[in-house]
Structures are given as C-alpha cells and as structure tokens.
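S.K.: What follows is each chain in one-letter form.
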Amino acid sequence: MYNDLDPLLHSQLRLTIVSLLMTSSEIDFNAIKDATHATSGNISVQIKKLQEAGYIKVVKSFKNNYQNTSLKITPVGIEAFENYVESLKQYIQAGK
Amino acid sequence: MENREFTPSESLALIASVISDAKTRFHDNGFSFIFLGLCSFAASLGQFVLIQLGYYQINYFPYFIMPIAGIITYFYYKNKKETVKSTNIIGSLLSLLGIILGLNLMIAGFFFWNKFGLALIPFMLILFSLWPLLTGVLIRNRFFIATGIAINIIAYGSFFLEKEFHALVLSVVSLIGIVVPGIILNFSRNESHV
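Going line by line, the protein sequences match chains Y and L. Residues in the first sequence are numbered consecutively from 1, following my numbering. Residues in the second sequence are numbered consecutively from 1, following my numbering.
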C-alpha cells in the first residue's frame, strides 16, 4: 500500500528500535526491551533484520561478567531514517 | 509491542513519541551541579574572606580545589556511565558542555586573571549562566532557564560593584544558581522514580 516507504522501517517494532537509536548514541538490549515491552525473541529477529540491512551495529561485550549486547545506529541507518521521515511527510501532505 | 505495518500518521506519531520520551529521559542526579556548586561556593567565599583579612597574595589559593573537584566529577560520571543502560544524547551534550565550561573557567581564572582585570568574575559568571540556561532549554525546565538568565543579569550587574565584592557575588551565585538547581534536579529525579 505504501510503496515508497522503506519496508524495513515501516514496522512498529523496528521503527521504535531505530527511533530509540536516533536519540541515543548507544542502547543496551535490555533498555530496548524495557521501552518496547516486546519479547526478547521478537526483538532479536528485528535487530538481525536491521543489522543485515546495515542500519544498525551490534556490539557484544562483557559487563560485570555478563554478556552485554548494545546497539548503535550506522550512517546508513540515519540516512534511511531521514528518508523514511521525509516520505512519511509527503504521504501525509498528499493525503490532506 | 506488535510488529505490524501501520499508517504514515501512526508512524510519525510513534517517532514523535519516542523522541519526546528520550528528551525527558534525562537521568542526571544533579551531582555535578551540587558538588561543583558547593566547591565553587567554598572557593569563592574563601577568597572573599582572605581578601577581607588582608591576605591579598594568597587570595586565589582556595580555587585550587576546583581542578580536583573537576577530576572527581569526571571519575564519578565515568563510573556511572559504565552502569547506565543507554547513553542519552542530552546527557552527553550536557556533560560535554560542563567539561568545556569548566576548562574555560579554570584557564581564565588561573592563567588569564590579570588580563581580564575587573571583567574576570563577570566573564566567569557569563560562562556559569550558560550551564543552567542550556540545561533548562534541553530538559525543558523553566526554573533552570530563569536561573541562567538571572546569573547572566547578575554578571553584567557585577561590573558596578567594587572588585573586592566580586568573589562574594560568585559564592552567592554558586549557591543559589548552581547548588539549588542541582538539588531540584535531584529531587525531581527521585520523585519520578517513586
């Protein structure tokens, strides 16, 4: 239906993840879980899709002897997000 | 949260809501305001007392606590950052601003005090005013904005005071303009956690 909109970003959970990353330089997996209330499995699947597209970077490290996964947005992701917002504005304007 | 497709309006509303939440998700506990404000209060009051007692040669000695206070603050936030889940851009911006202002205050105070002459304390107060002012703008807090503007006005007003009272002005501004906003920030953070 919305052909010009980036299909990767035009999904509620993925868009929330990318929007969160646009406001922070780095976010932990658990912080995304807290913000979205989605299941770990669902978040992992969406993160993988975003990572494969090059929109985000996943950094795995150890914090207090526990494995920690944090996410960062990439320049490709920033550009995609900006284009997506532009397309949204055009759709809304055209609909008025 | 479901993983469904939605309309452009819903999409834009979601982005706006996430960005708006992030702006208010400023979890600073006011430590830098309270700690550095108290150190600045103690140092400037110390200077004022030394001048009043006639110890002109060593009147700037109390300010040596400021670099130490800066180092303590740096390590406090470094340790805190390691336990924090997400790095908020507002928090990062304010930390950077604090470091830049702090360095400029110390460079001006320790190395260029004789070049500034009567304008030293007003200049320092103008730099001081930027901290609460920009914090207020970024976290949308009217009290911080008003405090920043008040310090700015006091900075220019202090040109009309005798130089020996400048340190007293700095101590009062440190207490009212820096420590009090820090306590309010701390209070509002604790309130939001209840």
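The hints are simulated quantities; they were obtained by calculation from the structure and are not laboratory data. Be careful, since some hints might not be right.
What the hints assert, rightly or not - If you want a taste of the chain L side facing chain Y, the calculated C-beta under 8 angstroms gives, among others:
id, residue
1, Pro8
2, Ile19
3, Ser92
4, Phe160
5, Leu161
Said to hold, decoys possible - Non-contacting residues of chain L with respect to chain Y, defined by C-beta distances greater than 12 angstroms in every case (computed):
id, residue
6, Phe6
7, Ser17
8, Ile90
9, Leu97
The C-beta atom is built at its ideal place from N, Cα and C for all residues, glycine as well.
S.K.: For leucine 97(L), which was marked as not at the interface, is the minimum beta-carbon distance to chain Y over 12 angstroms?
M.R.: Its Cβ never comes within 12 angstroms of chain Y, the nearest being 16 angstroms, so this holds.
S.K.: Does phenylalanine 6(L) clear chain Y by more than 12 angstroms, comparing its Cβ with all Cβ atoms of that chain?
M.R.: 6 angstroms, violated
S.K.: Is the nearest CB of chain Y more than 12 angstroms from the CB of serine 17(L)?
M.R.: Serine 17(L) not clear of chain Y: closest Cβ-Cβ about 9 angstroms, inside 12 angstroms.
S.K.: Double-check serine 92(L) for me: the hint is only fine if its C-beta lies closer than 8 angstroms to a C-beta in chain Y.
M.R.: Since chain Y brings a Cβ to about 6 angstroms from serine 92(L), closer than 8 angstroms, the hint holds.
S.K.: With a cut-off of 8 angstroms, does the beta carbon of phenylalanine 160(L) approach a beta carbon of chain Y closely enough for the hint to hold?
M.R.: Result: violated, 44 angstroms to nearest chain Y Cβ.
S.K.: For the hint on isoleucine 19(L), just tell me whether its beta-carbon gets within less than 8 angstroms of chain Y.
M.R.: 6 angstroms, holds
S.K.: Is the interface hint satisfied for proline 8(L)? The criterion is a beta-carbon contact with chain Y at less than 8 angstroms.
M.R.: Hint holds; proline 8(L) Cβ to chain Y Cβ min 4 angstroms, cut 8 angstroms.
S.K.: Do the numbers back the hint for leucine 161(L), that is, is its least Cβ distance to chain Y under 8 angstroms?
M.R.: Nearest chain Y Cβ about 43 angstroms off; hint violated.
S.K.: Can we confirm that no CB of chain Y comes within 12 angstroms of the CB of isoleucine 90(L)?
M.R.: 9 angstroms, violated
Of the numbered hints listed earlier, those contradicted by the structure are 4, 5, 6, 7 and 8.
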